[in-house]
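Protein chains in written order, with this note's numbering: chain P, 168 to 321; chain X, 177 to 595.
Possibly wrong hints are sitting among the right ones.
What the hints assert, rightly or not - Residues from chain P that keep clear of chain X, each with C-beta distances beyond 10 angstroms, as calculated: (1) Met-168; (2) Asn-170; (3) Phe-202; (4) Glu-208; (5) Ser-222; (6) Gly-240; (7) Phe-263; (8) Lys-265; (9) Tyr-268; (10) Gly-269; (11) Gly-274; (12) Thr-275; (13) Asp-278; (14) Gly-279; (15) Glu-314.
Stated by the list, open to error - Dumping the calculated DSS-like pairs for lysine-lysine here, alpha-carbon to alpha-carbon at most 30 angstroms: (16) Lys-358(X) to Lys-181(P); (17) Lys-265(P) to Lys-591(X); (18) Lys-181(P) to Lys-518(X); (19) Lys-531(X) to Lys-265(P); (20) Lys-311(P) to Lys-538(X); (21) Lys-365(X) to Lys-181(P).
Honestly, the hints are just simulated from the structure, not real lab data.
Fair warning: this is a prediction, and the values are worked out from it, not measured in the lab.
Cβ atoms here follow ideal geometry from the backbone N, Cα and C, with glycine treated the same way.
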Amino acid sequence: MFNDTVVKEIDDIKSRYPDRKSALLPSLYVAQREFGWLSSEAMESVARALNVPESVVRGTATFYAMFRHAPAGRHVIQLCTNVSCMILGAEQLVDFLKSKYGLTPGGTTEDGRFSLVIMECIGACGTAPAMLVDTDFHDNLSEKRIEEILEKYK
Amino acid sequence: METFLLKNIDSPTSAEIDEYVRAGGYRNLAKALGMTPKEVLEEVKKSGLRGRGGAGFPTSMKWSFAIADPKFPKYLLCNADEGEPGTFKDRPILEKNPHLLIEGMVISGYTLGAEYGYIYLRGEYPGARDILDRAIAQAYEKDWLGDNIAGKGVTFHLAVHQGAGAYICGEETALIESIEGKKGQPRNKPPFPVNVGAWGMPTIVNNVETLSNMPLIMEIGGEAYARIGSADCPGPKLFSVSGHVTRPGVYELPMGTSLRDIIYTHAGGMKNGKKLKAVIPGGISTPVLPESGIDCAMDFVAMPKAGSMLGSGAVIVMDESVCMVRVAHRALKFFEHESCGKCVPCREGTDWLRKSLERIEKGEGKEGDIELLTDVSGIMSGRTFCPLGDGAAGVVLGMLKHFRHEFQEHIKERKCTYS
Ligand SMILES: Cc1cc2nc3c(=O)[nH]c(=O)nc-3n(C[C@H](O)[C@H](O)[C@H](O)COP(=O)(O)O)c2cc1C
Ligand code: SF4
Ligand code: FES
Chain P
168 MFNDTVVKEI DDIKSRYPDR KSALLPSLYV AQREFGWLSS EAMESVARAL
218 NVPESVVRGT ATFYAMFRHA PAGRHVIQLC TNVSCMILGA EQLVDFLKSK
268 YGLTPGGTTE DGRFSLVIME CIGACGTAPA MLVDTDFHDN LSEKRIEEIL
318 EKYK
Chain X
177 METFLLKNID SPTSAEIDEY VRAGGYRNLA KALGMTPKEV LEEVKKSGLR
227 GRGGAGFPTS MKWSFAIADP KFPKYLLCNA DEGEPGTFKD RPILEKNPHL
277 LIEGMVISGY TLGAEYGYIY LRGEYPGARD ILDRAIAQAY EKDWLGDNIA
327 GKGVTFHLAV HQGAGAYICG EETALIESIE GKKGQPRNKP PFPVNVGAWG
377 MPTIVNNVET LSNMPLIMEI GGEAYARIGS ADCPGPKLFS VSGHVTRPGV
427 YELPMGTSLR DIIYTHAGGM KNGKKLKAVI PGGISTPVLP ESGIDCAMDF
477 VAMPKAGSML GSGAVIVMDE SVCMVRVAHR ALKFFEHESC GKCVPCREGT
527 DWLRKSLERI EKGEGKEGDI ELLTDVSGIM SGRTFCPLGD GAAGVVLGML
577 KHFRHEFQEH IKERKCTYS
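With the sequences and hints as input, model every part of the structure.
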């Protein structure tokens with residue numbers, strides 16, 4: 168269950184909306200931050216904090232791509248392969264992540280360091296190909312640049 | 177050209193309120209508050225502003241519907257979902273010029289009689305989240321937000337609501353569902369959001385860029401604004417240019433600038449001296465144009481006549497090395513993934529189209545596949561619950577119209593002869 172600080176944070180979120188259910192998406196983000204992913208416990212905690220049925224929490228949570236339903240690596244790589252990135256080589260980068268790090272879309276490296284999620288456009292098409300590592304944007308990617316960037320995420 | 181929406185964004189501290197105010201910011205809100213809401217609405221009407229979210233709906237008309245509804249409170253939702261692939265035009269406003277948006281939202285809220293606003297920000301922009309939160313806090317501190325704005329007793333409260341990676345939530349009724357904590361599935365219309373929107377109340381959904389035009393309309397007046405760009409859809413427009421051009425990026429240009437000029441004059445022309453093959457002019461959901469089709473005015477009225485749409489103004493430029501079957505396949509993978517599953521023609525149709533395109537791309541296409549693609553797209557067109565499914569069908573039909581031979585070749589040669 169959430170500790171007092173988190174409960175307070177969620178109360179604060181609730182106060183921004185005319186009804187408590189609207190706090191669901193932001194609260195799921197909080198739960199994901201606290202638990203690392205949306206485990207049953209995480210979703211139960213949200214249901215309790217907002218006083219909405221757990222089935223409702225689950226129904227909403229599974230609709231959205233950015234909520235994780237399994238534990239992820241320490242760092243989550245979100246690589247875009249939509250058209251602007253694709254025509255500038257994003258798919259070769261997917262292959263590179265596989266050959267160099269053993270990382271497949273939806274998977275996690277054996278040492279638990281990285282998970283890879285394939286994204287639809289992340290709004291960095293002008294500097295494609297692009298990815299987010301956790302919450303940081305990285306663009307103009309090449310194999311070499313990816314190697315350099317990932318060095319910094321231990 | 178002098179820019180307004182992107183003014184000052186090269187400064188590293190452009191998102192700070194002091195700098196914004198120094199550059200003339202919040203002056204236009206003060207001006208609006210010196211007028212009656214009705215007078216402001218009249219300026220917006222004169223300006224001819226059309227919504228920049230993709231559909232090009234006249235803003236003052238949408239607002240009039242909400243104003244006419246007697247229910248209160250009314251809500252103003254800023255659509256910052258920016259999910260249309262190829263689009264990155266709202267991002268510089270959100271990250272570099274957040275006070276322009278806030279100022280625009282307060283002017284809009286005042287005009288509409290809405291005292292609460294939310295910015296529905298896509299989950300993929302975590303950096304913008306922090307910047308907006310900070311800018312909002314600064315605006316509260318300086319009384320440009322709150323219960324007594326500029327000492328005039330005007331109320332407007334603003335908060336950010338973060339999406340979580342669902343393209344369909346950019347559709348306004350799905351956005352409302354999402355802000356209410358539900359799955360983002362479009363609602364039946366009518367009732368329209370202007371009457372029954374968020375929490376059952378009159379709700380106005382406008383794009384980031386639309387709302388960010390308000391300070392300019394206040395500054396120069398509706399009539400002067402209407403003289404910028406195309407006569408039937410005036411104003412400055414942000415274009416996101418990506419792909420095989422020398423200088424990709426976001427360009428603020430008069431509405432109606434020709435697609436050729438955007439590519440060759442502003443974005444520096446083709447990269448590495450390669451030949452231009454095709455352009456997707458308004459984001460992935462808009463039909464592709466061949467090289468011969470780029471002499472068209474980029475606005476909401478001219479583009480449909482040229483066989484495509486302005487959409488979000490996201491210009492994706494492709495050179496001769498790009499395989500159109502591959503692009504169509506990738507686009508349909510996107511639509512299949514993002515289909516919310518509510519209606520059968522879209523749910524089944526996108527799945528079917530994606531599978532057929534995948535087969536053709538792999539060299540496993542059969543005689544008759546092109547006819548089937550045409551039939552399925554035809555069945556979907558006009559029969560889906562929201563424009564997502566329609567757009568997917570239009571993408572395939574556009575590809576087949578201009579690049580049919582490439583699909584035929586894939587089927588005949590049993591392989592890709594392009595990339
Ligand atoms: C599938 C789909 C996705 C959309 N995505 C966006 C979006 O990301 N941003 C946006 O402003 N409008 C988007 N729209 C358009 C909105 O439904 C709505 O028309 C718009 O926000 C209205 O604002 P405007 O009048 O200022 O253009 C989308 C529409 C559809 C059908
Ligand atoms: S067209 Fe697609 S996205 Fe729109 S309601 Fe139907 S299934 Fe959902
Ligand atoms: S297509 Fe990759 S960031 Fe937009």
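A quick look at each hint next to the structure:
Met-168(P), annotated as away from the interface, keeps every beta carbon of chain X farther than 10 angstroms; the closest lies near 20 angstroms. A cut-off of 10 angstroms between C-beta atoms confirms that Asn-170(P) is not in contact with chain X; the least separation is 22 angstroms. Chain X leaves Phe-202(P) outside its interface by the beta-carbon criterion, the shortest separation being 16 angstroms against a cut-off of 10 angstroms. Distance to chain X confirms Glu-208(P) as a non-interface residue, since its nearest Cβ pair spans about 19 angstroms, more than 10 angstroms.
The Cβ of Ser-222(P) sits about 12 angstroms from the closest Cβ of chain X, beyond the 10 angstroms cut-off, so the non-interface label holds. With a least beta-carbon separation of about 18 angstroms from chain X, Gly-240(P) lies farther than 10 angstroms from that chain, consistent with its non-interface assignment. Under the 10 angstroms C-beta cut-off, the non-interface status given to Phe-263(P) relative to chain X holds; the minimum distance is some 18 angstroms. Once the 10 angstroms rule is applied to beta carbons, Lys-265(P) is consistent with being away from chain X; the minimum gap is 18 angstroms.
The claim that Tyr-268(P) lies off the interface holds: its Cβ sits roughly 22 angstroms from the closest Cβ of chain X, which is beyond the 10 angstroms cut-off. With a cut of 10 angstroms on Cβ distances, Gly-269(P) stays outside the contact zone with chain X, its closest approach being about 24 angstroms. Gly-274(P), annotated as away from the interface, keeps every beta carbon of chain X farther than 10 angstroms; the closest lies near 18 angstroms. In this structure Thr-275(P) is separated from chain X by more than 10 angstroms, as the shortest Cβ-Cβ distance comes to about 18 angstroms.
Remark: the non-interface label on Asp-278(P) is consistent with the geometry, its nearest Cβ contact in chain X lying 25 angstroms away (cut-off 10 angstroms). With a least CB separation of 22 angstroms from chain X, Gly-279(P) remains clear of the 10 angstroms interface cut-off, as annotated. Against chain X, the non-interface label of Glu-314(P) holds: every CB pair exceeds 10 angstroms, the least being about 23 angstroms. Using a Cα cut-off of 30 angstroms, the hinted pair Lys-358(X) and Lys-181(P) holds, with the two alpha carbons roughly 15 angstroms apart.
Taking the CA atoms of Lys-265(P) and Lys-591(X), the gap is about 25 angstroms. The hint holds against a cut of 30 angstroms. Restraint check for Lys-181(P) and Lys-518(X): the C-alpha separation of about 29 angstroms stays at or below 30 angstroms, so the hint holds. At most 30 angstroms may separate the alpha-carbon atoms for a hinted pair to count; Lys-531(X) and Lys-265(P) meet this at roughly 24 angstroms. For a cut-off of 30 angstroms, the pair hint linking Lys-311(P) to Lys-538(X) stands: about 29 angstroms separates their Cα positions.
Distance hint between Lys-365(X) and Lys-181(P) is fulfilled; the C-alpha atoms sit about 29 angstroms from each other, no more than 30 angstroms.
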